[in-house]
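Heads up: the protein sequence lines correspond to chains A and B, in order. Here the first sequence is numbered in this note's numbering, starting from 1 and rising by one per residue. Here the second sequence is numbered in this note's numbering, starting from 116 and rising by one per residue.
I should point out that these hints are in silico values taken from the structure, not numbers from a laboratory. Check the hints yourself; a few may be wrong.
Unchecked claim - Reference excerpt, derived from the structure (chain B facing chain A, CB under 8 Å, subset only):
#, residue
1, K164
2, F204
3, N215
4, F219
5, T221
What the hints assert, rightly or not - Computed far set for chain A versus chain B, every beta-carbon distance over 12 Å:
#, residue
6, V4
7, L13
8, M19
9, D26
10, Q37
11, G63
12, T86
13, P108
14, T113
15, T115
To be verified - Here are the in silico distance ranges between beta carbons for each label pair:
#, chain 1, residue 1, chain 2, residue 2, range
16, B, A168, A, Q17, 36 to 44 Å
17, B, T120, A, T15, 14 to 22 Å
18, A, L95, B, E157, 31 to 39 Å
19, A, M41, B, S198, 40 to 48 Å
20, B, T185, A, N62, 30 to 38 Å
21, A, G3, B, Y145, 43 to 51 Å
22, B, Y145, A, E52, 45 to 53 Å
23, A, A82, B, E184, 41 to 49 Å
24, A, V88, B, T127, 20 to 28 Å
25, B, T186, A, V88, 28 to 36 Å
26, B, S194, A, A2, 32 to 40 Å
27, B, L229, A, N62, 42 to 50 Å
28, A, V88, B, S118, 42 to 50 Å
29, B, S173, A, N65, 35 to 43 Å
All C-beta atoms in this analysis are idealised placements derived from N, C-alpha and C, irrespective of residue type, glycine included.
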Amino acid sequence: NAGVTQTPKFQVLKTGQSMTLQCAQDMNHNSMYWYRQDPGMGLRLIYYSASEGTTDKGEVPNGYNVSRLNKREFSLRLESAAPSQTSVYFCASILPTSGVTYEQYFGPGTRLTVT
Amino acid sequence: GNSVTQMEGPVTLSEEAFLTINCTYTATGYPSLFWYVQYPGEGLQLLLKATKADDKGSNKGFEATYRKETTSFHLEKGSVQVSDSAVYFCALSVSTGGGNKLTFGTGTQLKVEL
């Protein structure tokens with residue numbers, strides 16, 4: 001049981017390049033999330049998917065797109081990277097879509113630098 | 116909207132010292148409260164949680180009590196160890212139809228020295 005996995009671990013992009021961050025979970029969770037972590041700002045929600053087939057914007061969605069490929073996988077795409085997107089990106093998942101609150105499980109993160 | 120305010124770090128303590136990290140919140144609705152810990156180079160792990168007023172969450176010697184009257188969820192540990200050095204995040208979640216979204220504080224870095 002690997003939990004939440006993310007690829008790649010590190011990435012350096014030039015301004016204007018595109019890339020996709022991959023996330024997968026093997027816990028049969030319904031909901032998945034993408035966060036970015038910046039110094040002094042905690043974690044901020046970019047996009048989330050409450051269940052397979054649905055996606056919604058979070059607090060800071062501009063410049064990003066997401067795809068819930070299936071129940072296991074939730075990818076984050078940067079179409080045209082900007083230096084302001086330099087950050088550490090975390091994927092997380094949780095079992096229920098609503099009701100009782102369970103903990104979110106986090107992946108190890110992807111450290112992205114845009115030059 | 117929802118927000119979490121936690122004390123700024125870094126906090127530096129000697130081993131076996133008492134730890135308090137303050138956390139207060141504002142929320143629409145009835146939130147669940149969490150403390151997450153992030154060790155260097157890793158993702159976040161749940162440390163403890165409380166889902167209703169007066170609940171006490173505890174784990175690995177850490178405790179926090181859900182205080183609705185003061186909208187607080189302060190983290191405490193009686194005797195810290197070097198291995199507790201990490202960043203600690205307070206967070207809340209208000210269950211809605213779409214998502215169990217977490218709202219995080221900015222994090223407090225703890226450094227424990229011998």
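Hints, one by one, checked against the model:
Because the smallest distance between the Cβ of K164/B and any Cβ of chain A comes to about 6 Å, under 8 Å, the interface hint for this residue holds. A least Cβ separation of about 6 Å between F204/B and chain A falls short of the 8 Å threshold, and the interface hint therefore holds. Given hint, N215/B at the interface with chain A, holds; its Cβ is 5 Å from that chain's nearest Cβ, closer than 8 Å. A hinted interface residue such as F219/B counts as satisfied when its beta carbon comes closer than 8 Å to some beta carbon of chain A; here the least separation is about 4 Å, so the hint holds.
Taking 8 Å as the C-beta cut-off, the interface hint given for T221/B holds, the closest approach to chain A being about 4 Å. Taking the minimum C-beta to C-beta distance to chain B, about 8 Å, the non-interface status of V4/A is violated against the 12 Å cut. Once the 12 Å rule is applied to beta carbons, L13/A is consistent with being away from chain B; the minimum gap is 21 Å. Consistency note on M19/A: stated as away from chain B, and its beta-carbon is indeed over 12 Å from all of that chain's, at 20 Å minimum.
Against the 12 Å criterion, D26/A stays outside the reach of chain B, whose nearest CB is about 15 Å from its own CB. For Q37/A, the requirement that its beta carbon stay farther than 12 Å from each beta carbon of chain B is not met, with the minimum near 8 Å. For G63/A, the condition that its CB be more than 12 Å from all CB atoms of chain B holds, with the nearest at approximately 20 Å. With a closest Cβ-Cβ approach of about 17 Å to chain B, T86/A is found to remain outside the 12 Å limit, as its non-interface label requires.
With 12 Å as the threshold on Cβ separation, the claim that P108/A sits away from chain B is violated: the shortest Cβ distance comes to roughly 5 Å. Listed as outside the interface, T113/A is consistent with that label: its C-beta sits roughly 16 Å from the nearest C-beta of chain B, beyond the 12 Å cut-off. With a minimum CB-CB distance of about 22 Å to chain B, T115/A clears the 12 Å threshold, and the non-interface call stands. For the pair A168/B and Q17/A, the supplied restraint of 36 to 44 Å is violated, since their beta-carbon distance comes to about 49 Å.
The hinted window of 14 to 22 Å between T120/B and T15/A is violated, with their beta carbons roughly 34 Å apart. Against the hinted window of 31 to 39 Å, the Cβ-Cβ separation of L95/A and E157/B comes to about 22 Å, which falls outside the hint. Distance hint check for M41/A and S198/B: the Cβ-Cβ separation is about 26 Å, which falls outside the suggested range of 40 to 48 Å. In this structure, T185/B and N62/A meet the distance hint of 30 to 38 Å, their C-beta atoms being roughly 36 Å apart.
Restraint check, G3/A to Y145/B: a C-beta distance of roughly 29 Å breaks the suggested window 43 to 51 Å. For the hinted restraint 45 to 53 Å between Y145/B and E52/A, the CB-CB distance of approximately 28 Å leaves it violated. A hinted range of 41 to 49 Å holds for the C-beta pair A82/A and E184/B, which are about 44 Å apart. Between V88/A and T127/B, the C-beta spacing of about 23 Å keeps the proposed range 20 to 28 Å intact.
For the pair T186/B and V88/A, the supplied restraint of 28 to 36 Å holds, since their beta-carbon distance comes to about 29 Å. S194/B and A2/A have their C-beta atoms about 34 Å apart, which keeps the hinted 32 to 40 Å range intact. A hinted range of 42 to 50 Å holds for the C-beta pair L229/B and N62/A, which are about 46 Å apart. Between V88/A and S118/B the Cβ separation comes to about 22 Å, which falls outside the hinted range of 42 to 50 Å.
The hint said 35 to 43 Å for the Cβ distance between S173/B and N65/A, and at roughly 41 Å that hint holds.
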